[in-house]
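Turn these sequences into a full structure, and let the hints steer you where they fit.
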Amino acid sequence: MMRARSMRGETSAIIIISFLLSHVAGYLFYALDRRDAIEMTGAVDLAERAAGISRLLRDLPPSWRRDVIQFSDSRTFRVWSGDEPSVHALASSDEELEIAAYLRSQLPRIADHDMRVRFVGKADSRSAPPTFEATAPAAPPTAGLDPPEDGAALEISIRHAAGEWINFLGALNTPKSLLPELLVANLVSAVLGIALVAFWLVGRVTRPLARFAEAAEALGRDLFRPPLVVTGPAEVAVAAAAFNRMQQRLTRLIQSRTEMLAAISHDLRTPLTQIRLRLEMMPLTTERRKTLAAIDDMDATIGSFLSYARAAHDSEEKSRVDLGALVSSICDDLGDCGAPVTCDCESGLVIRCKRLAVKRAIVNLIDNAVKYGNEADVQVRRCGRQVVVGIADTGPGIPEQEMAAVLRPFHRGNRTQHGGARPGTGLGLSIAQAVVEDHGGELRLSNRPGTGLLAEIIFAV
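In this text, residue positions in the sequence shown follow my numbering: the first is 1, and each later residue adds one.
What the hints contain is simulated information worked out from the structure, not anything from laboratory work. All values reported here derive from a predicted model rather than from experimental measurement. We put the CB at the ideal spot given by N, CA and C, even for glycine. Among the clues, some could well be false.
The list that follows gives simulated cross-link-like pairs (lysine to aspartate or glutamate, DMTMM-like), each with its CA atoms no further than 20 Å apart [what the hints assert, rightly or not]:
id	residue 1	residue 2
1	Lys-318	Glu-214
2	Lys-359	Glu-346
3	Lys-359	Asp-344
Pairwise CB distance ranges (calculated) [as the list claims (entries may be wrong)]:
id	residue 1	residue 2	range
4	Pro-108	Leu-60	16 to 24 Å
5	Asn-186	Arg-66	48 to 56 Å
6	Arg-444	Ala-218	18 to 26 Å
7	Thr-342	Ala-218	32 to 40 Å
8	Arg-320	Asp-344	17 to 25 Å
9	Arg-352	Glu-235	30 to 38 Å
10	Arg-257	Leu-192	55 to 63 Å
11	Asp-344	Val-229	43 to 51 Å
12	Val-229	Leu-201	17 to 25 Å
13	Asp-59	Gly-82	18 to 26 Å
The structure is reproduced here in structure tokens:
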């Protein structure tokens with residue numbers, strides 16, 4: 001059976017997952033933007049360095065240029081002169097155009113077509129021009145650039161004089177990625193914080209809904225329970241108010257039905273009483289005895305109908321009752337009337353119940369045991385967090401296929417009747433079950449090993 005999922009847990013999970021996804025997406029966007037920003041900052045620094053060297057070379061005598069170029073050259077910033085530019089195409093990408101614009105601001109006397117910029121990748125930077133030869137003035141270098149392992153490079157070509165280009169190749173420092181440990185720690189702390197807040201807030205929102213569900217569950221056991229408090233979000237408050245109106249309509253319906261049955265019972269019992277009085281004044285004959293017995297059956301049947309109508313929705317208030325003492329008093333009263341009833345009840349087993357309704361249910365079960373099972377052996381004991389009232393007899397029991405059917409109203413089982421007893425109304429077990437379920441308990445029927453039936457009423461303590 002699939003376990004029911006709570007709205008509180010599912011809503012909290014949605015909030016946490018949404019936050020986690022947005023947090024990860026934000027981190028990725030930040031990391032990419034951070035990388036681009038740092039690389040552009042490095043490119044501007046290299047362009048500024050190239051512009052400074054270019055201005056210096058323009059102001060120096062030609063004989064000094066080779067020494068300045070060689071002095072400016074390094075493993076991460078290559079400088080050389082040549083007849084051809086190392087960058088043949090003009091700037092095209094947004095980044096290249098931005099660096100070219102910066103160079104123009106630093107070197108206003110140089111024409112746009114005499115200034116070229118290109119970003120090169122890792123492979124391009126590794127195949128950079130060779131290092132300088134000491135004997136070749138302003139010759140290209142003979143060894144490649146040495147940028148970081150995952151770095152890129154910026155290449156710049158600036159025309160100085162007719163047929164002379166100064167070329168620059170600088171390594172761009174690739175920003176280090178944020179430490180995975182820091183990212184995980186940040187995510188874990190953020191998720192824990194959001195989870196606590198979300199669980200608390202969602203709990204406040206869904207708590208009225210949980211009370212609504214509990215009230216709906218309890219309504220079947222106690223129709224006269226206090227109305228539901230109308231609180232919470234607007235939708236839940238509207239549903240709670242509708243629930244209370246439904247409870248009021250059901251209460252009026254049950255009360256009107258009970259009142260109608262009581263009125264019918266009164267109207268039927270009045271002529272029955274008149275007939276009984278007239279029969280009592282007649283001579284004692286066999287016909288008189290049969291008629292009085294039939295009147296008793298009719299009166300008992302009417303009483304059973306009324307008891308069944310009141311059983312599940314009795315307006316009697318619940319109180320704390322010592323169940324062992326109650327059952328003992330029932331057994332004593334029945335024993336005084338000559339019923340074969342034995343009793344073994346623990347004392348101090350207190351439950352909250354409707355005393356008269358529970359008494360009616362237990363009396364019905366004991367009457368059935370005596371009527372159909374020769375005798376009743378009654379026990380009251382505690383089993384963990386439950387109190388069990390067991391009523392056993394020594395009769396023929398009930399066939400397994402009829403166990404569920406005998407609990408239905410007006411169903412008469414096929415048990416062999418004891419002592420020629422007349423059939424009942426078929427409401428005794430139904431009344432007992434309705435009373436027990438009204439208290440949130442359970443009525444169990446089972447055949448005893450050998451012979452006899454065991455009826456158990458189980459209440460939660």
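Going through the hints against the structure:
1. Lys-318 / Glu-214: holds (19 Å)
2. Lys-359 / Glu-346: holds (17 Å)
3. Lys-359 / Asp-344: holds (17 Å)
4. Pro-108 / Leu-60: 16 to 24 Å: Cβ of Pro-108 to Cβ of Leu-60: about 19 Å, so the range 16 to 24 Å holds.
5. Asn-186 / Arg-66: 48 to 56 Å: The hint (48 to 56 Å, Cβ to Cβ) holds, given that Asn-186 and Arg-66 are roughly 53 Å apart.
6. Arg-444 / Ala-218: 18 to 26 Å: 22 Å Cβ-Cβ, so the 18 to 26 Å window holds.
7. Thr-342 / Ala-218: 32 to 40 Å: holds (36 Å)
8. Arg-320 / Asp-344: 17 to 25 Å: At roughly 23 Å between Cβ atoms, Asp-344 and Arg-320 fall inside 17 to 25 Å, so the hint holds.
9. Arg-352 / Glu-235: 30 to 38 Å: holds (34 Å)
10. Arg-257 / Leu-192: 55 to 63 Å: Holds - the Cβ-Cβ distance for Arg-257 and Leu-192, about 56 Å, lies within 55 to 63 Å.
11. Asp-344 / Val-229: 43 to 51 Å: holds (44 Å)
12. Val-229 / Leu-201: 17 to 25 Å: This hint holds: roughly 20 Å between Cβ atoms.
13. Asp-59 / Gly-82: 18 to 26 Å: Holds, at about 21 Å.
In summary, the structure agrees with every hint in the numbered list given earlier.
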